[in-house]
Amino acid sequence: MKTALELIILLPFLGAIGNILLGRFLPRRVVEITACSVIWGSFFAALYALDTYSAPAVVEVGAWLTSFDLKVPISFCLDPLALSLCLMITFVCGLIHLYSIGYMRDDPGHVRFFALLNLFVGAMLVLVLAENLPLLYLGWEGVGFCSYALIGFWYKEVKNATAGRKAFIVTRIGDIGLAIAIVWIFKVFGTLSITEVNRMGQLVPMEVITALGLLLLLAAMGKSAQAPLMVWLPDAMAGPTPVSAQIHAATMVTAGVYLLMRMFPLIGVSAVVTGAIAVTGAFTAFYAATCALAERDLKRILAYSTISQIGFMMLAVGCGAITAATFHLIVHAFFKALLFLGAGCIITALHHEQDIFRMGGLRRALPGVFWPFLAGALCLAGVPPTGGFFSKDSILTAVWAKGGMFYGALYLVAMFAVFLTAVYTFRMLFVVFGDRLAANSLEPDLHGPVKPLPGIMKIILIPLALLGLVSGIFNLPAYLGNGLLQSFLAPLNAEGGHLSHATELGLQSVAAIVALSGLAVAWWYFGRQRRAMRIARAAQPPTGVTAFLQAGWYVDNLYSLLFIRPYKRLSSILWERIDEGVIDDSLDRMAVQLGRTGQGLGRWGSGRVSAYMLSLACGATLMVGWFAWVVL
Amino acid sequence: MIVPLTHLLILASILFALGLLCVLIWRSNVIMMLIGIEIMLNAAMLVFVAGSNHWGMADGQVFALMIMAMTSAEVSLALAMVVYLHRRKKTVNVDEFRELRDQ
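Each protein sequence line maps, in turn, to chains A and B.
Take our numbering: the last position of the first sequence gets the number 632, and nothing is skipped along the way.
Take our numbering: the last position of the second sequence gets the number 735, and nothing is skipped along the way.
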């Protein structure tokens, strides 16, 4: 068990370090193979760990920080939650690595790319497996750094570098919450081990737990791009597409949800915290779904869909349904990776065109991309019987099972978000892949013929599509036999109401109808002939609601008005008035005055010895006279 | 002891004042300035010797001898400089030598 764990963690780091140090001297093929094989090695180690897994185990690999009461060993905790996430992360990232070989075929920065990608996976695995909070924080920050470096991978364009910085700074706001929470936890509990802290929840007053929970929620908001800290994720699309896939599917944005799931035994007892988590999740799910409705950039649509889906996971955590959250997290990883990689194929094939209204007819041009993409879209929209349907439905069921006005309202919001999800997903699908009408001259032409894709990029889509479609079997609803994940993760769940099979079936059919009606609405607006009309209309600048949604509810502008501009003004006041005006100016004036005084005094230095002698004599006389005056 | 200490001190003060006046006034000749310094040193020596006599301690006389030795060294050095200065500018007026002044 220990060896397997060490391998899981060490292999990605080894790959990263090896590529950083030696990558430049090795041929391209070797770099690619190393980068991919370490991740797959890590996956097989995780498989081995699953095979030999019997009970949650804590493995101490080495000592790290030790002083007085503070003990932070490098120890990893393998429990069902961590294990299932490890498997998912290594598998999905392994596929993304393979895909990157094709995607980065012509990029000269491939060594940096693969090294960072490996480091990214390693940091995420540390985060997932960490047994104590500082180690988790190490992974947390490692993930943040890698996302910053990879979002701004093509840093020569100012826009990309700015997006990287934005991601870094916005997530940093959340990280402050985590840092404070860690220190506070040590102060209250005297230990930083996650398993121990989770066990000692009842020893401290509820207010403290609530405060800790809200701090952790702040951290999760930053990392998982939840409202109000969601602004960085759509901009993060500036990075290469495999990076987006990895950030969204496996390594970055799920970290916040994971943190809350990990600490749930501690913070879950506070109704305020769970309520806040659920509200954040539901609101974000709704917010991002509306934004995606009007967005034109293919990758930004997917980014908003991620924000929305992570919102669902948060909602599940807020309802105490850890299984449902994990289930959706894993299924989401499959279909979101699939959608992003498919989008990467499309964008590459169209010579880096990202505007969906300038695409079209791709169903015939790229059939190898269309069918997997369709599978991903079905999953995202939650059309039965795909994995996405089951996972999203388990969340909705959990919300319904909580009962009460509050959660009832959240259920309605979530249901509406499901509907919107289906609409925007198929809007995207119809617009991107739908046939262009030959007679329609309003449609802008493609930029020349479709560029051929490397074979590996299309092959990778197939396993992901299959997994997305059938991943429902990981956790079937109760009436179809018990779910695998349900029994695997059983000890983690909060006590929730159990529903009868009939209710569950009823809820599922409601969800299915909602999703299908969303599909129908999308078809009504964007199917066949209407597609061309919409495209023609999209040529005009957006107005009203569309503009509002396209700008992401103007949240960016709001933040710029509320925080960035006052900050800049304050900085300019501090700089021009305080620093230059007061400090520098006073120093300058003092220097000038001293210089003048010196020049005045310098006139005495005439160089005439007799004058010096005279002043010496006068001074001595004065001194002697004064002494005489004092003494006599 | 016939001469009281007070008298000696008064004499030394007069000598010192004369030496100082010489230095301050006779600046057209550096040699006269040196002589003025010598006179002031002699006044100081006189005070040492008088004090030593008055309190019956030899320290003052030792200091007087020290000053004598130092003075002879100083004068030889100073006179060498005077010769050198004279050679440079054909004058011994100290106010002519102002090269070290800050421009």
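Errors might be hidden in some of the hints.
[Claimed, not checked] Derived contacts from chain A toward chain B, CB cut-off under 10 Å, selection only:
| id | residue |
| --- | --- |
| 1 | H352 |
| 2 | R608 |
| 3 | V609 |
[To be verified] FRET-style restraints, in silico, Cβ to Cβ:
| id | chain 1 | residue 1 | chain 2 | residue 2 | range |
| --- | --- | --- | --- | --- | --- |
| 4 | B | L709 | A | S586 | 22 to 30 Å |
| 5 | A | L614 | B | E731 | 33 to 41 Å |
| 6 | A | R589 | B | Q693 | 55 to 63 Å |
| 7 | B | R719 | A | D584 | 24 to 32 Å |
| 8 | A | S606 | B | L709 | 38 to 46 Å |
| 9 | B | I657 | A | W626 | 23 to 31 Å |
| 10 | B | E706 | A | L614 | 36 to 44 Å |
| 11 | A | Q599 | B | V714 | 31 to 39 Å |
Calculated from the structure, these hints are not laboratory results.
The C-beta atom is built at its ideal place from N, Cα and C for all residues, glycine as well.
Taking the hints in turn, this is what the structure says about them:
1. H352: violated, 69 Å
2. R608: The hint holds - R608 of chain A has a Cβ within 10 Å of chain B, the shortest such distance being about 5 Å.
3. V609: The hint holds - V609 of chain A has a Cβ within 10 Å of chain B, the shortest such distance being about 4 Å.
4. B:L709 / A:S586: 22 to 30 Å: violated, 50 Å
5. A:L614 / B:E731: 33 to 41 Å: violated, 20 Å
6. A:R589 / B:Q693: 55 to 63 Å: holds, 59 Å
7. B:R719 / A:D584: 24 to 32 Å: violated, 54 Å
8. A:S606 / B:L709: 38 to 46 Å: violated, 25 Å
9. B:I657 / A:W626: 23 to 31 Å: holds, 25 Å
10. B:E706 / A:L614: 36 to 44 Å: At 21 Å between Cβs, range violated.
11. A:Q599 / B:V714: 31 to 39 Å: For V714 of chain B against Q599 of chain A, whose Cβ atoms are near 34 Å apart, the range 31 to 39 Å holds.
The structure is inconsistent with the numbered hints 1, 4, 5, 7, 8, 10, although it conforms to all the rest.
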